Structures are given as C-alpha cells and as structure tokens.
Amino acid sequence: MMSRKMSVRARTFAVAGLAVAAALTLAACAPPGAAPEAPSTAKSGTLKVGFIAPTSGVFAIAGQQMEDGWKFYWDQAKNKAGDITVETTYEDDTGDVNQSLAKAKQLVEQDGVDIVVGPLIANTASAVAAYTFSQGIPNLEPVAASNNLTLSGANDLTVRTSSMGGTQANYPGGEWAATKGKAKTAVTLCSDYSFGWESCAGFKQGFEAKGGEVVKQLWAPNGTTDFSSYVSQLQALNADMIYVATAGGAPGPAFLNAYSSSGGDMDKLLLNCCALDQGTLVSLDKSGNGDKIVGVKSVSYWAEGAEHPATQAFVKKYTEATGTIPGAYIAGGYMTADLVAQVLKQKGLVVGADLVSSITKFKFDDSIFGKVSWEKGNNMVAPVYVREVKRHADGKLYNDVVAEYDNVSQFLGKDPQTVIDRDKSQPYTNSFQG
Amino acid sequence: MSNPLTRATPVVRSATGLIPTLSSRGGGRGTRLFQYLVIAAVVVFFVALPYLGVTKFQIGQTTTILIAAMAAASVSFLVGEAGLASLGHGAIAGTASYGIAWAYKQGWDTGLSILLAIALTLAVSFIYGLLTMRTSGIYFLMVTLAIGMLIYGLAFRMSSVTGGDNGLLLQRPEWINARDNWWIFYYLVLALLIVTTLVLWVVARSPFGASLRGVRDNEGRMRSLGYSVSGYKAAAFMISGFVAGVSGVLGAWNTQSVSPESVNVETSILLIVMVILGGVGTLLGPLVGAAIVILVKFTVSSYVDRWQTLLGIVFIIVILLAREGLVGSVTKLSNRIRRRRARRAAGGGIPEAGASASNVSHT
Amino acid sequence: MLDPVFIAQQALNGLSEAAVFFLLASGLTLVFGLMRIVNMAHGAFYIIGAYVGIAISALTGNLFLALLSAVVVVAVIALITEFGLLRAVRGQELPEVLLTLGIAFVVGDVCLWIFGGNPENLSSRAMPEGGFAIGSASFPWYKILVMAIALVIGIALAIVQNKTRIGAIVRAGVDDRETISAMGINIRWVFTGMFIVGASLAAIGGVLDSGITSILPSGGNEVLLKALVVIIVGGLGSVSGAAVGAVLIGLIDVFAKVWIPELSYFTIFLPMALVLVIKPTGLFGKKS
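Chains as they are written, first to last, in the numbering used here: chain A, 145 to 578; chain B, 504 to 866; chain C, -9 to 278.
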C-alpha cells in the first residue's frame, strides 16, 4: 500500500511539475501572437461609444436615468450628429468596481469603442478613468461627483462633462445660507462617505466664508433607513439652518418623512442635489406627502425650473415624451450627448485627445445647464442654483430657482495648484472639512 | 474529499461520504489514469490558450477566471476538508488586496509588498480561526459573516489608510506590466493556480488532512482521542487563508484597484456559489464554478438584462438537481457507468470490491 | 445631550426602531427554531410585502387592507417556495441556506424589473396624521401604531406558542422531530405552515416599515442583515430573544448615534460579534 501510494504521488508530482515547467518555459519563449483587437472606428463617419452605468443594484435609478437622458438625445437626433453616426453600446456595472472595469475592458479591447461615457459611482469612475487613460481612450463622466476625478486624480483624457464635485456644487449653498438665508448658525447632516464628506465640506466652507458658524456636524452611515435619531438631534441643536446631503435614491424621502413627521421646521432645511432630486419629489408626492415639502430649499447645479430657454425647452420636451420630469441624472446624460453632438458637428469626427480638447474648449453658452465651460482638470464650470420646491400649474412638483451663482469653479477662488495638492495629501473626511 | 452537501445530516456530523471524487481511492488504475489525463488536458489547454488565436481581452477574462478559481479553491478546501462553510473569504482575500495596494501607495518594493499582504492575510485568517473556534454549522457561518461585515466597515471608515469608499488604485510590478509582455501576467496566474491547487491537494492527502477530516466528521471523538480540535481548525483556516491571500494579491494586480467591494459579503457569497456550482471537494470544481459565475456576471450580462435572475435560477437548479456541482455530477455519472460495465463484465452479480469500497470511503 | 426630554425622544425613536426589528426578526427566528433554516430569502418577502402594501395603500387608503393583501400575496409565494423548492432539500443545512439565497437573487432582480428603481413609500392616506408633542418636537402617531402592532403580534405569538395545541406541536417539533412524526402529526405541513407564518411576518414588517423609510428593490439585503443581527443576539429560535434583541439593538443604535457617532456603523454589528464570541447561541438561545 505504501509503495503504491508513493508511486502514485510521485507520478502526480511529475505530471504537475512538467505542467508548471512547460508553462514557465513557454512564457519565457517568444510571446504568442494574440489575435488582433477589433479595429477602432471601423466605419469611417461613425463614433463608437461605450456607455457604462449602474442600471441594477443599489444605484439602479441613478444609472437608469443617466442612460435615459443620453438615449433620449440620440433618439431625437436619430443617432446622428451632422453626417456622423453615433453608435452606443450600453453596459451595466451594478455599481461594482470590478464589474465596471471588466465592462470598460470589453468595450475598449473587444468592441473597439472610441470613447467611454460613465460610469457613475465615484470609485468606479476613478478606476475606469485610470484604465481608459492607459489605453488612450477619452472618458466622459456625465454624473460622477467625486472631487478627485478632476483634481488630484485628473488626467488629460477624462472630462467631467455635466456635473460637479461635491464641494464645488455645495459651496454656494453655504454662501447663500449665511447671506440671503440670514442664518448665523448651522448644523449639517451628511452621509458618512466621501460624497457626503465633500458636500458638507463645500457647504461649511461657503457658510463660514460669509461669517456663519457650523455648530455641529452629524454623519449618517450608508444604509441608514431610519433618520429619526438624527432628526431628534438636529431639532435639539436648534440652529438657524440645517444642511443635509445624502446620495440619491432612498435616503432623501426617508429623511424628509422623518423630519416632517417629527414636527421639524421645513424652512430651516437646505438639502443637496440628490436628497431633493426629482426622484424624491415624485416619491413623496406619490405617497401623498408632496405638500409637506413645498417651499423646501436645496442647492444643485441642476434646476428643472431654471428660467433659461434651453432648460425649459428640454424639460418640456422630455416631460411630454416620457411623462417624467428630468432630474439631475437625466439632465447629465442628455447634456453630455448634446455636447458630443455639437462638437462633432463643429469639428467633424474627432477622437482621442483631439476630441477631449474640442470638448473642453467648446463654447457652450446655451446648454440646458446654462452657460458652461471647462477648466483645469477638465471639470465643468457652470451655474449653481439655490432651489425651492414649487407646485406648477400641471400639478407636479418642480425645483424652481431662488438664487443663481454663475461660473462656479472647483477651485472656488483659490490657487489651483494649492487645491490640487491639498486634495492629494488631505482629501476631505468626516474629521477634516477644510 | 467528500461533499457535505450530499450528506443527509448536517455538515459536521456525517460519517458517510457519498461520492467518489477525483481524488478518491477505488475505481482502479484505469479511473486514475483517466482522471489524470483530464487534468493534464485542462492544463495543456490553458497553457496553449494564447497561441490559439484568442484575443488579448479574452485572455484577460481568463485571467480573472483563474484568479477567482484560486479563491474558490481555498473555500472549497475549507468546506470539503474541514467542513467549514465560510462567508468570510471575500474579506480574507480582500485584505491581501488592500495590503498590496497600500504598500504600493507607500512606494514599497514588490517583494516587501507581497510579504505585507500575505502577513496581513494570515493575521486575519488567524483571527477568523480564533473567533470561530467554538462554533460550527450555521453559527460558524454567522460568525464569518459578522467578521466580514466588520472588516467591510473598517475598509469603509479608515479612509486615510484604505481610501474609504473610493478605494485605492495601484499598478502591477514593472516586470509583468510592460504592454508588450501582457501574457506574462496570464502565465504567472496560471502557474500560481497550479501550484496552490497542488499545495491544497497535498495537504488534503497528508496525515494532517486525514486528521482534519476526522475533526470534520466527529469532533467529539477526535477530542477524546487527544487531538486539538481548535488547533486543526485554525490551521485549516490559515492554509485556506494563505491561498485566498495569494488570489487577493493577484486580483489587485489584475484590476489595478481595490475598494470595499473587494471585502464585501457579496464577494464571499459568490465564492460559495462558485464552489457549489463546480462541486465541493473536486479538483476542477472551483475552476468550473468560477468560469460559470464570471462568464455570467461579466459576459452574459452584456446580452441579458436580467442576468442576476439567471444566476439565481442556475444556482437553484444546481442545488436542487446536481448538488455535487457540475464536476461532481460528471464524476458521479461516469462512475456509475463504469460500475455498471464492471458488473456486467463480472457476470452481473458481484460488484467490484474496489467500487463498493469507494462508495463508503471518504477521502 | 443629557436633557431628559431629549433622552425620552431618543428612547422612543429606539423603541420604534425596535418594533420594526422585532417584526423582521421574529419571522426569521421562528423559521430557524423549527426548521433549522436560515431563510436568506426573508428580505425578499419583506420587499414583496412592502411593494404590495404600498400599491394597495395608494389604491384604498386603508392600512389594514394593505397589510392583509401583502400577507396574502407573500403567503402564497412562501407556500410555493417551501413546497416546490425547499422540501427537496429538507434537512440539509447548507443546501437550504443556499437555495434561499438563490431565491433572494431572483426576487431582488425581478422586483427591480417590475417596480423600477424609484424609492417608494406607504401612502399617507393609510397613515394616521400628526403626533403627540414631546418637548419642541412631535412623535408621530404612526410610529405608536407600529409599536402597538408589534406588541400585539409578539403577545399573540407568545400565546400561540405556549397556550395552544399548535404551539405545543411546534415546541415539541423544535426539540424532537422524530417523536412528532411518530405521533402521526404530519410534520411537513407544520413546517410549511411555519414558513408561511415567518414570511407573513416579514411582509407585515415591510408594509409598516415603508411608512417610516423608503423601499428599493435592493433593500432586502439590508433588512436581512439587520434581522440576522437581532436573532443572533437574541438567540436563534427564540421569539422572546428576538424581542429582547430588537429592543437592545434599537436602543444601542439610537444612542450610539448620539454619544459615540464614530462607531455608528459598527453599533449594529459589534453586539452581534460579541455575542457570537462569548455565547454563540445568543441570549435566549438553547445550546443545540
């Protein structure tokens, strides 16, 4: 028995050893010639786009809406920008980094796309941006909101086309609160992860720059469903203004329900883009709580009630066609499509670094966001609105504009290199708010 | 290695193995030769793959599958040999990923980074072993789940170290990253998969492995015989954890990023799914299971919107109909055919002594 | 933050959280106690119940009807699940857990497909208005109602378990399955019944919770995790354990958010980890 076991074992080892040796020898030899990649821009006159969004998973609604906005533009334009056909392949990344990267690789290496649009979630956006840059492919980010995408993590081929970093988008809200909002003290409640940290930092800095004082900051972990513990704390602190920043989706309605049913003063609230996006308005109205949030204010780079002609035309067109009033995710997808189309019409079929520079140099005074341009780091410079919920004649809730701050930059008036260095060495956290 | 899923009684209590698997005794020299040929064929296939006109992207996919197979193998080892179904291996592999990414951020050189990653993984595995010492069955599952959640929480909160929810980006070491030598990484992964599988197999066939299976089947008796049950379990965890750690390092190099999702419960669950689909305790099971899950997740999902439903249904079907997993079922089927043939050859009455022995042995 | 009114407010918050936890956990613990299954599809039943309840509440404006319809729909699905799928793997721990996991995958995805990703809430027409004043804030009547329902259900479960024949059968079945079968009682239908009861409790929890928070198709996993934490702390299989565990976790969670906010992510998992290490069977659990 022993000898039989030994010989079996020895034989196994021999086989295995051979296999390993063979593998390593082959590896050391001349490299295999892999089949050539699919050639890019196979048909002349076509721009191949790879679109990645989290259309399932926790962020499904955001991803779906971003995709809907983009699709809506091309459906209306019949996939054409002048003579150029735009062909989009859509992929779902479920909000997971590995999935996102795998899809990006597939789109770039197998499908041979010319540009990648998306994904949405901050860490997926950073990872994909790093990958596409290494492959020489431009990456357009319609709705990613992490500061570092266009600061310390910026690269020459990645553009944040139709959204803002969290700090950039909320700073004017702080300024407004201390001035027109007449608040001397404020408390903040933000989601306890990078988006919440950066948004709160923006509000706090803007508020304190205009003489206000943030008395206390509360941080709610992701996945908080019952906000009543925080609401009680906020009420007890009795500040002039309560700033709340959460991710899109469930937290917005959950917070507002808890706050209003607790007898909270709705006038004190200032929410961020995503806590009071159309999704929140619709879900609260649907459950019969819509009237409770009329008059509630928020700060965002997107306001569906903004009086710009381009904005109104888009909102009207989209609402009539789909029955949904466009929120920030839809607007972001649409605006990026609009931008790409205009650039292609102006410059013809450009790809790679040429496309990126054409985009960042494009003069876009009448976008649906208002007057936008791009700055160092390839970040969008655009208006930020302080909004108020109003019921329109059609019976639906809209975010109307109460104050407009134009040309808001991610550098917020400071020296760009200083801001970039700070972002690299000390990104905002719940203990460091700048 | 036998399959706890097919026993009629809970994992730890069974004394009967039911399926002769790839590494079982019995069945004669013919079976063994056949099994070795299959394995050799698989190895040759993977070695030759880049020469078969496959695209760089597909090699990349295969690399991902091989890395997942390594992690699945570590889980399969723990479930099969020690009877411990762990929902924590995602966290263990992920710890290695974080280790290597953090070391890269600090600018450490490759060798040191690898050492750190493996050391961290072993430490975490040890903690798992320590905290699960007194539990088994469903409670064991829950403890591993809880520890996994805690590690996820730490990855999320300790943002100065781990990058928080943004995670960390890293680069592969120079010698495997040069764009012209993209196939080096593939061969490295393949070689390491073969080596780690061999290591696990050797451990399983060693006296240690036999004692481990004794602990799995009857803790009480082993304890009364003087064996340190917790010691064996902890050791099993460390061995399994080591392999998971290697896969974690390779995984981080593969995607060049790490984030809290790497240590998520979902990752651990997918590993268990891979192991079940392929077949617990089989040599090729983890590979087959990993291939199915990865292909559905990454490739089928491009064509089928409801791929998660698909994965769930496949999973349910496998549990209901083919609990031995694909590889296990194939083996079971082929064994049944062989036995029938042997019975017919032997005059239709007396089953081959080796075959019946293989029915009750559980290696 | 030591003002008594504030503490009273937070205590109420904690108790209403506990009420929801109890509703979620009791179903899960009952199923485990009798059938030794950790039903990973428990969150899925919560979600289905919530969506059905929300739809009916919007249609009728009646909370009772919403609860009833949610329970009926989920009971049917639970019956099909148990009868069609789980019976095939009865008695084997790992396959049962994994099978319910597969079901959870499918249900979550199908819900996304049918209901979309927008957050949904219970219709306000089905909920009582206003609340009672406590300090300068108010505590909504709806949450009082939720706590009352949880209490009633808890008491009902206790009565059934201890004072009725079916309860006696279940208790006996927990301790000794073979004897029950030997007594001629069809244990398989008892199991089915228990599974349906567990799922129904999850559905009730879902409907009631949708008046407090928003429902997403992916919400089932969070819920399952919280329920698991409660039953592990309270003891797998014990309804009184679920009640005590729910109150403990609810209060710890709320007050930790006030006094030790740095640990607020961990407040739910640390008690669980501690219990698992010190007394794995939980506060009220029996040693198996």
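Since the hints were made in silico from the structure, they are not lab data.
Owing to the predicted nature of the structure, the values given are computational and were not obtained by experimental measurement.
Where hints are given, some of them may not hold.
[Stated by the list, open to error] DSSO-like mimics (lysine-lysine), calculated; alpha carbons at most 27 Å apart, straight line:
(1) A:558 - A:515
(2) A:520 - A:436
(3) A:324 - A:354
(4) A:568 - B:800
(5) A:460 - A:430
(6) B:800 - A:520
(7) A:507 - A:222
(8) A:558 - A:354
(9) B:800 - A:215
[Said to hold, decoys possible] Output of the computed footprint for chain C on chain B, the stretches with three or more beta carbons under 8 Å from beta carbons of chain C:
(10) 630 to 644
(11) 811 to 822
Glycine included, each C-beta is placed from N, C-alpha and C at the ideal position.
Each hint tested on the structure:
Pair hint residue 558 of chain A plus residue 515 of chain A holds up; C-alpha atoms about 21 Å apart against a cutoff of 27 Å. Restraint check for residue 520 of chain A and residue 436 of chain A: not satisfied, since their Cα atoms lie roughly 42 Å apart, outside the 27 Å limit. Under the criterion of a C-alpha separation no larger than 27 Å, the hint pairing residue 324 of chain A with residue 354 of chain A is consistent with the structure, at around 11 Å. Restraint check for residue 568 of chain A and residue 800 of chain B: the C-alpha separation of about 34 Å exceeds 27 Å, so the hint is violated.
For the given pair, residue 460 of chain A sits about 21 Å from residue 430 of chain A by alpha-carbon distance, which is consistent with the 27 Å threshold. Between the alpha carbons of residue 800 of chain B and residue 520 of chain A the distance comes to roughly 37 Å, so the proposed pair goes past 27 Å and is violated. A hinted pair counts as satisfied when its Cα atoms are at most 27 Å apart, and residue 507 of chain A with residue 222 of chain A qualifies at roughly 24 Å. Proximity of residue 558 of chain A to residue 354 of chain A is assessed by CA-CA distance (about 16 Å); at most 27 Å being required, the pair is judged to hold.
Using a Cα cut-off of 27 Å, the hinted pair residue 800 of chain B and residue 215 of chain A holds, with the two alpha carbons roughly 24 Å apart. For the region 630 to 644 of chain B, the proposed coverage by chain C is satisfied: 7 residues have a C-beta within less than 8 Å of a C-beta in that chain, meeting the threshold of three. Judged by the Cβ-Cβ criterion of 8 Å, the region 811 to 822 of chain B is covered by chain C as claimed, because 8 of its residues qualify and three suffice.
In summary, the numbered hints that this structure violates are 2, 4 and 6.
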